[in-house]
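Here is what each chain is made of, one letter per residue.
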Amino acid sequence: MNKQTPISAKLTDFDKLNRDWYLDKFVQALVFIGGISAIIFIIGIFVFITKEGLGFLVGDFSFKEFFFSPNWRPTSENKATYGILALVAGTASVTGLAMLVAIPFSLGTAIFIAEFATGKTREFLKITVELLAAIPSVVWGFIGLAIMNPLIIDIFDVPVGLNVLNAGIILGLMAAPIMTSIAEDALKAVPDRYREAAEALGATRWQVIYKVVLPAAKNGLLGAVLLGVGRGFGETMAVLMATGHAINIPTSVFDSVRALTATIAAELGETAVGSPHYKALFTIGISLFLITFIINLIADLVVRGVRKG
Amino acid sequence: MFEATQINRKNLSRQKMFRFLLGSMTALLILPVILILGTLIIKGAPVISFDFLFTSPTKGMTAGGIFPALLGTILLVLVALLASVPLGVAAAIYLSEYAPDNWSTRAINLAIINLAGVPSIVHALFGLGAFVLFFRFGTSILAASLTLAVMTLPVVIVATRESLQAVPMAFREACWNMGATRWQTIRRIVLPNAVTGILTGVILEVSRTSGETAPIMFTGAVFFLPFLPQGVFDQTMALSLHLFVVSTQVPEMPEAVPYGVALVLIGMVLLMNSASIALRMYLRGKKKW
Amino acid sequence: MVDKNSVNQINELSSEKANGARVKLAVENLSIHYDDTPALEHVSLDIREHEIFGIIGPANAGKTSFLKAINRMDMFNPEMKIDGKIEFNGIDVSKVRNVYGLRSRIGVVFPLPVGLPLSIYDNVALAPRLAGLKDKAELNVIVERCLTRAALWDEVKDRLDSLGSLLSGGQQQRLTIARALSQEPDLLMLDEFSIAVDPVTTMRIEDVLKELKSELTIILVTNLVQQARRLADRTAFFLEGKCVDIGITEDLFTGEVSDQRTRDYVEGRFG
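Chains as they are written, first to last, in my numbering: chain W, 630 to 938; chain A, 11 to 299; chain E, 234 to 504.
Rather than coming from a laboratory, the hints here were simulated on the basis of the structure. Glycine residues also receive a C-beta, built at the ideal position from the N, C-alpha and C atoms. Among the clues, some could well be false.
Stated by the list, open to error - Computed spacing ranges between beta-carbons, pair by pair: (1) Thr-206/A x Ile-927/W: 41 to 47 Å; (2) Lys-645/W x Leu-280/A: 53 to 59 Å; (3) Lys-847/W x Asp-325/E: 26 to 32 Å; (4) Asp-821/W x Ala-370/E: 25 to 31 Å; (5) Asn-877/W x Leu-280/A: 33 to 39 Å; (6) Arg-197/A x His-874/W: 54 to 60 Å; (7) Lys-847/W x Leu-345/E: 47 to 53 Å; (8) Met-179/A x Leu-930/W: 26 to 32 Å; (9) Met-179/A x His-874/W: 17 to 23 Å; (10) Arg-197/A x Glu-388/E: 46 to 52 Å; (11) Phe-692/W x Arg-330/E: 57 to 63 Å.
Claimed, not checked - BS3-like mimics (lysine-lysine), calculated; alpha carbons at most 27 Å apart, straight line: (12) Lys-443/E x Lys-390/E; (13) Lys-443/E x Lys-654/W; (14) Lys-654/W x Lys-390/E; (15) Lys-298/A x Lys-318/E.
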C-alpha cells in the first residue's frame, strides 16, 4: 500500500460520523414508525368506534336490555328498544352450523393433503384451496341468494330459502379453506420422526395419524377451529345476503335470522350521525371488536407454537 | 413368515377405507364450489361483452354496463396500495431486520394478527368515525381507500417479512463485518432479493381489496353515480358494491346481470391470485444461492 | 485463572525477539458473558503489527467470541456482555462512535464460505463502493488486484459477471478473502477458514497469508494445530474461556516453556 487511497486514508480517520451513519439512523427511525403502525391502527380502531358509540353507552344503554332482550326495535315510535339477543342468536346459529359443516370437512381435507396426497395431486389441492379462500364475501352472498335459495326451497319444500341453513352452509364453505390451510400447517409441523417411530412399530398409516399425528397437532388444529369461528363471527356481506331479514331467535334451521354484523350493515345507512340508533350500532361494533379480539388472541396463543415465521 | 396376518389384513383394508373416506371428504368440499363456479360461468357469460365492461349502466341499472364500478374499484385499489405498500414494507423491514426479540415485538405481531381478524364491518365503522368524520374527508375515495389500506396492511407486512427472512443471515453478517451499516446491507443485498416476494404480497392485497364491500359501503362507495369520479374527494361506484346492489336493491333485474357482475368480480380475483401463485412458483425455481 | 508467571515469562522472551514492533491490538482483562454463561474470562494479550498471531484451542474455548469483541459484532447481540478493554491502534473499541468505520478497517473470514448474491465483480467492489469510490477504472484495478492476491483471478477473470454465490466452496472462500482485501484492512481475522475448504485451496490460502503478513496484521484462529505451527509467529492457547498459554509458536510446540495442558492439546491427547 504505497499511495493513500480513499480507503486506506480511513486508517487514521475512521471514527467520524458520516452521511452513511446518519442515514442508517434515519432509516431505523422510519421503519420503526412503520413497525408500530399496526399497534397504532388497532388502538385507533378501538378508540374511534368507542368514540362514536360512547353516547349510547353512557346514555340510553341498559346492560340488561342490550344483552338479554330479543327486541331490537331501534326505529319504534313508542319506545325504541336495543336488545341484541336475537341478533346474537342469529350470529351464533349461523356460525354454529357453519362450524358443524366446516370442521369435519376441513380437517378431513387437511389430513388428506398432509398425509395421503403426493406430488401433483397435493400441489393441485393446495392451489385449489388457496383459490377458494380468495372468493370475496359478496360473491358468496350472491351464491346464497341466487343458487342456494332456490335449491333449499326445492329440496326441503319450505317457503323461504334465506335462512340459517343457507347462511350456515355458505359460511362453512367460506371458512373451510382457511381452516384447511392452518390445519394442514399444523399437521405438517409434526416432526417426521414421530411418524417414523410409529411405523417402525408396525402401525398402519391411519393408526399413525390417529394415535400420533393428530394428538401432536391438536394445538394447531384447535387454533384453526378458533380462527374459523372468528371468521364466522365477523363475516358481513355473505351473512347479510343469505340469512333473510327476520329479527328473531331461530327455532329451526329454516328460520330466517339477522346477524350482528348484518344489522350494522343494513341499518347504518339509514341512521343520522349521532342519533341513539347510530350510536347503538357502533356499540354492536365495539362488542364485535372485543369478541373477535379475544378469539384471535386465544387462537394466536394456541397456534403460535405451530406456525413459526 | 412374512405372510400378512389376519390383523394386518384388517388394518390394511381399514386404511384403504380411511384413505377413500378422506379423499371423498376433500372432493365433497371442493366439488360443490366448482359446481357453483360453473353455474356462475354458464349463467353469467351471456352478459359479458365489451359493452358490458366499458359502458355505464342504464335503465336503473337493469341494462348497460359496469364500467363506472370497474373504474371505481381500480381507483380504490390504487390509492389503497399507495397508502399501504410503503407503510407495510417499512413495517416488515423493521420486524425482519431491526426488531429485538422482546415484548414490544410480540405486541406488534399480535396487533398485526388482530388487524387481519377484525370484522370488515368494524373496519367500516372505523373508517366512518376516523376518515369520514374526524379527519373530515367526507365519504370519498380517499376515506374508502384508507379504510381498505388499514384492513389489508397485514397482507403486505406478512408477505414482505417472509421474503426478507428468506434471505440467509450469513449474507447480512458478511456485510456487517465489512463495515456496512444495516441500511446499506438492506439496500444492496436483502431488499433486492425480496422484491419478488413483496410483489406476491402486493398482488394478494390487490385481490383482497377489490373484493371487499362492507368497508367501502359507508366511507365512499355509493350505489349509483351519474358521472365518473374526478378526484379523490369524490364518491365512486365499486364492483363489489355493484354486485350487492344489482342482486338485492334493484327490482326487475334480469337474471343474467348479477351473474355477469359476479363473474367479472370473481374472475378478477381468481386471476390475481393465480398470478400471485404463479409468481411464487417461479421464485422457487430461480435459485440465486 | 491464568498462570501469570508462565505467561509473563513467555511474553518477555518473545518481546526480546520482537524488537520493538508496534502493538496493533492490546487486550486487557477481557471477559465475555452470554447472559450468565462465561465465554471468556480475564484474557490479556498483545498482538503486534505485521505478525500472524495464532489462536488454538478446542471448541467452545471462547476463540470466536474473542474475534467478535474486537470488531464490535456484539452490538446487535443484547445477550453478549463485554468487560475489560480492547484497544485497536490505540483506540478503545468500546468508545468508538462510528462502529462501521472500525469494522471497515478489519477484514474477517468465517468458517463457512460466503459468496454474496452479487456478481463476482460486485462482491469485490462492494467495500470500495461503500467507502465512496465510484470511478470505474479504479474499481477495475482494485477488483483485479484483490482477486489476484486471493489466488482467484485466473479462475474467474472471464466470468466476473456471474454470481458469487454460485461458486464452489473453495472459490467462495477465496472470494471472501478478496472482499476482505478490498477493504484495505489493517487487521485480518480468520476464524477456522479451512473447515469447508479442500486441502489444495487451503494451501493456496496459506501461501497468500504468508505474503500478506508484510502489509497487515493477521489473527488466525484455527483448529488445525499444524496450521498454526506453519503460519503463526506467536500463538495463544485458549482453553475453556481462558488464555492458558501464549508465546512464540515453536516454543509452545516444542514444549520447553509451555503449560502441561498446552502440550497435551498439541499432542492430540484431547481435542
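Hint check:
no., hint, verdict
1, Thr-206/A x Ile-927/W: 41 to 47 Å, "35 Å, violated"
2, Lys-645/W x Leu-280/A: 53 to 59 Å, "56 Å, holds"
3, Lys-847/W x Asp-325/E: 26 to 32 Å, "55 Å, violated"
4, Asp-821/W x Ala-370/E: 25 to 31 Å, "56 Å, violated"
5, Asn-877/W x Leu-280/A: 33 to 39 Å, "37 Å, holds"
6, Arg-197/A x His-874/W: 54 to 60 Å, "56 Å, holds"
7, Lys-847/W x Leu-345/E: 47 to 53 Å, "38 Å, violated"
8, Met-179/A x Leu-930/W: 26 to 32 Å, "28 Å, holds"
9, Met-179/A x His-874/W: 17 to 23 Å, "57 Å, violated"
10, Arg-197/A x Glu-388/E: 46 to 52 Å, "30 Å, violated"
11, Phe-692/W x Arg-330/E: 57 to 63 Å, "60 Å, holds"
12, Lys-443/E x Lys-390/E, "24 Å, holds"
13, Lys-443/E x Lys-654/W, "40 Å, violated"
14, Lys-654/W x Lys-390/E, "38 Å, violated"
15, Lys-298/A x Lys-318/E, "41 Å, violated"
In this structure, the hints that do not hold are numbers 1, 3, 4, 7, 9, 10, 13, 14 and 15, in rising order.
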